[in-house]
Amino acid sequence: MRVHCVSMDTDLENMLRTHPCYNEEAHKRSARMHLPVAPRCNIQCNYCNRKYDCSNESRPGVTSSVLTPEEAVEKVAAVKEKIPELSVVAVAGPGDPLANPETLETLDLVHKRFPDVTLCLSTNGLMLPQYAERLYDSGVRFVTVTMNSFDTDISSKIYEFVKWNGETLKGKGAAERLLRNQLDGIKKCIDLGMLVKVNIVLIPDVNDSHIPDLVRFVKGLGVYIVNILPLIPVEGTKFSNMRAPAPEERKRLMNICSDGVRMMRHCRQCRADAIGLLDNDRSNEFIRTTGACGSGCGPMNAVTENGVSVVMPRDIRIAVASDDGVTVNGGFGNTSTFRIYSMKGNDIIEESIVTIEHENGGVYGDAHTKNINDRLTALKDADVVVVKEIGPRPLNELRNSGKRVHVAKGDVNLAIREALSSYPGRTP
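FYI, the numbering for the sequence shown is 105 to 532, going by the numbering used here.
Keep in mind that a hint or two might mislead.
[Stated by the list, open to error] Listed next, the in silico DMTMM-like pairs over lysine to aspartate or glutamate satisfying Cα-Cα at most 25 angstroms (straight line): (1) K184 <-> D317; (2) K474 <-> D485; (3) K132 <-> D288; (4) K261 <-> D288; (5) K186 <-> E129; (6) K291 <-> E280; (7) K342 <-> E522; (8) K291 <-> D317; (9) K184 <-> E129.
Keep in mind the hints are simulated off the structure, nothing from the lab. Bear in mind the structure is a predicted one, so any value in this text is a computation, not a measurement.
Could you put together the complete structure from these sequences and hints?
So, in structure tokens, the structure goes:
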């Protein structure tokens, strides 16, 4: 492996002067841009729910759309024209960048077209060892790794699973694999001459007392700066009912950990499509309707509900349990008709009808299992399923396959718009 001098060269020093996350003095004058090209993730954190098209939320994992690499580079051009102080372009999700081949393609395109822009990446670190040198060759000089513990007992409480080499690891096995790869990846990045920031999510009563030891540990690895972020309890996650730490708790912990370690005290826990200064996010100015990003952007659907613009790809397919096409009036397990809709601009278009023969076989047994499986198969191409009611088993099956489930009654069109207003990205 090619090894570069660990000491900072002139080019890296110049980049650091205008990096708003690694240099607190820069965050008032230098802008950053996150490119949401990476929807897939290879681990499941118990605090993370990667919701798309949720313009009301500002947290990691949220974006108003997912871009192709070509769309992303055109959006950089549009942003540079309106925000000349743009200095850093990063990929930070909404999934893990290194679980998505589009990330490297995007970085290559941006680096080639805008060589003056500093490139940055945020990752869970699972695939960092195999991609560290490739990232360096793509122009990346700043890498952030989210590392919440180096104790596998603690980590096993934070991560539900890790997907590695075709296997789904859980418990301590998942924690050990993730930690091993994080350490290897961080070392490789530092040896190559990149600056590494470690993000630590402060989770009360889980890793809070462990964080000072973790900070000392990563300092010993040569990490440049540490960012302690407060847990954001998110609906639909295992940690949804946990309390968020108070600002005083985070401040006290940063003070305890700051001996000899740079601490990032100005983090805004940015969205995966954040644009602008840290204190002035302007991503809403660049939500894409037709032509909003310049000629290189692909066409998108803009759905407006209660004044909120929601942008999504054209290929979203919505299956609605409705026998008349007017009201949502069927449950998942007993409706005979699912109507398949898509979005064309702001219009909801009915494309086809799926008819399912159903003999009442009760709520358990082979007949019940066959009924559920038949419906799951019939709706395999749908991205969103809208029903009047649904049981826990099919609900879990649909969610595990990456589909959005929306329970509603009444008008079909209104139910579809409500479902799409919080449409999440597909999972692998």
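Hint-by-hint comparison with the structure:
Proposed proximity of K184 and D317 is contradicted: the alpha carbons are some 41 angstroms apart, above 25 angstroms. The suggested pairing of K474 with D485 holds, with an alpha-carbon distance near 19 angstroms, which does not exceed 25 angstroms. Restraint check: the Cα-Cα separation between K132 and D288 comes to about 34 angstroms, which exceeds 25 angstroms; the hinted pair is violated. With a C-alpha separation of about 22 angstroms, the suggested pair K261 and D288 falls inside the 25 angstroms cut-off, and the hint holds.
Distance hint between K186 and E129 is fulfilled; the C-alpha atoms sit about 22 angstroms from each other, no more than 25 angstroms. Taking the CA atoms of K291 and E280, the gap is about 17 angstroms. The hint holds against a cut of 25 angstroms. For the proposed pair K342 and E522, the alpha carbon gap of about 24 angstroms is at most 25 angstroms, so the pair holds. At most 25 angstroms may separate the alpha-carbon atoms for a hinted pair to count; K291 and D317 meet this at roughly 19 angstroms.
Between the alpha carbons of K184 and E129 the distance comes to roughly 21 angstroms, so the proposed pair stays at or under 25 angstroms and holds.
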